[in-house]
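Please build the complex by placing chain B on the supplied structure of chain A, with the hints as guidance.
Protein sequences, first through last, are from chains A and B.
Add 38 to a position in the first sequence, counting from 1, and you land on the number used in our numbering.
Add 314 to a position in the second sequence, counting from 1, and you land on the number used in our numbering.
Take these hints with a grain of salt, some might be off.
[Claimed, not checked] The list that follows gives simulated cross-link-like pairs (lysine-lysine, DSS-like), each with its CA atoms no further than 27 Å apart:
no. : chain 1 : residue 1 : chain 2 : residue 2
1   : A       : 81        : B       : 544
2   : A       : 159       : A       : 272
3   : A       : 218       : A       : 81
4   : B       : 575       : B       : 544
5   : A       : 40        : A       : 81
6   : A       : 81        : B       : 575
No wet-lab data here; the hints were simulated from the structure.
Quick caveat, the model's predicted, so the values are computed rather than measured.
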Amino acid sequence: MKPLRAIIADDEELARQILREYLASESDIEIIAECPNGFEAVKAVNDLNPDVLFLDIQMPKLDGFEVLELIEPSVAVVFVTAFDQYAMKAFDAAAVDYLLKPFTADRMRASLQRVRTRAAKPGEANPEHPRNLKQASQRPGEYLERLVVKDGPRVHVIPIGRLDYAEAQDDYVALRSEGKTWLKQQTISSLEAALDARRFLRAHRSFLVNIERIARVEPNTKDTWLAVLRDGAKIPLSRAGYARFRELAGGE
Amino acid sequence: MHPLLQHWRRSLIYLAAWLELGIILGLVAATSGHIARLAGIALGVPMSLLLGFVCLTPYYVCRSVPLHPMAWRRMVQNLLLATVLASSVVILGGRFAAAALASEWPGLDTLFSAATPFLTVFIGLTYLLSIALHYAFHEIESSRRAEVLAREAQLKALKAQINPHFLFNSLNSISALTSVNPARAREMCIGLADFLRASLRLGERDTVPFSEELALTNMYLEVEQARFGKRLRLVRDIDPACNECDVPALLIQPLVENAVKHGIAMMAEGGDIFISGHRENNLLEFRVSNPFDPEAPGQARNGIGLRNVRARLEARYGAAGHMQIDATERNYQVTLTFPATTL
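Only chain A is shown next, with the shape it has when bound in the complex (with noise of 0.2 Å):
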């Protein structure tokens, strides 16, 4: 059998310590690259193409659903982490398993099991596409505080309140921050539901709207308006986003 490359992402010693003893006694298993933080772990993911990452969630940099959302989905996720209520439910979706600290090295074999099995079959992707996990993971009335994104070998984070605007584009959106565009492959709506909605605005089908940056409101065409925002870009307002505007603002 092929070894299986591994690669363990975790910010403490003792953590990857004991995963790097288990995985010594494992015939089939070469570890490949060891990681104290999120931005080399998708940097060694996307240079290295690891058959297995096992992954911890609290992490320097980029936590684990943040990397996860950066790497291709062939790659095989183990989550390593110690108990977090709200992310099992994420566990549950887009991961081929998860540990939980601490753990044996029995129960790690079954987590290997789960990755050779699916690599058996090549043509089953996991269960979900992990691209909306950090939202997942989200307790009620919190959203999402920054969006990642690749930018070649690098990654760009976007803290929320520098985005000015998300643009739909096919399978992407288009997100506009400090007269830069970068693009993340997620739909809008789903971006629309992790951010809050009283700081995000809808404003039509393809666009969602930074409502501090709106400078003014003119109208279009007899059905639409346009949303001017301060560095003069144009944001079209639909009748549905046009309600919603007036609702937010007050009504005014």
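Showing chain B alone in chain A's frame:
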């Protein structure tokens, strides 16, 4: 006893209100022209005072007849019975007073008899009003008490909470150490046990000596240092004069935990945590300062523990307790100032 009678000032105000009502009623009765003003007042005042006392009894009625829509029939029965009793007592008292006053103002007793039906209804309605007011106050009071109890319970629960993330990650570190460094694994295991035991013990108390709280904080930091290794560095500056002061239990340790969780744990390269305690002019000043990565994920969850610390500080010391947060771009500093009291 009725809360109105528990303080003499309240009792006097209440008495004065009914005295005034008695005078007004006497004067109103005199406008009929059948009796002199003085006679009206002489009869009105004692009856009004008696009514005033009778109107305190709904305090007990409210407690024995709870508001319950399912048992409304029984409730109405009981309340009507109480009303009839109350009216009877006051009318009877009035009749005695009228008879006694008849020697001064002849015919007062017969006039009273003629007015009895009207007076009975008036007194009954007043009593019903008193019942309604008592129920309203009873509701307000019980909801306020429930609020206070819920708040206390919440604070207590938060105080005694041990962060499960910390616990499971520490156990994982111990698990990793067992094979590579059994001696350190044992040390860490005992360190964790010491911390858990101490925090359970302190959690049961409201007030502890500063030295104990600091010892708990150090036990916590020892475990975290095993987890984070060189990433967690400490600089301590504690004035020994602080040690004998009293502090609310588990007030300081959460601050340090915050500094580790949101500061050091989220920095790839780690950083220094400064912990200082000083005592000056009867004030104790405790400060925790840590660097943080402004671009770290999950900044939103910051501050729940701090809100709890502030709430407890205020509950304990009022305006004399103070929590100040100084955040710069890359450094977070929390300062607690509160009266330095000793046992």
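Hints and how they fare:
With a C-alpha separation of about 24 Å, the suggested pairing of residue 81 of chain A with residue 544 of chain B holds against the 27 Å cut-off. For a cut-off of 27 Å, the pair hint linking residue 159 of chain A to residue 272 of chain A is broken: about 48 Å separates their Cα positions. With a CA separation close to 22 Å, the supplied pair residue 218 of chain A and residue 81 of chain A stays within the 27 Å bound. Of the pairs offered as hints, the one joining residue 575 of chain B and residue 544 of chain B holds, with about 15 Å between alpha carbons and a cut-off of 27 Å not exceeded.
Among the hinted pairs, residue 40 of chain A with residue 81 of chain A is consistent with the structure: their alpha-carbon atoms are about 24 Å apart, no more than 27 Å. Taking the CA atoms of residue 81 of chain A and residue 575 of chain B, the gap is near 25 Å; set against the 27 Å cutoff, the hint holds.
Hint compliance for this structure: hint 2 is the single one not met.
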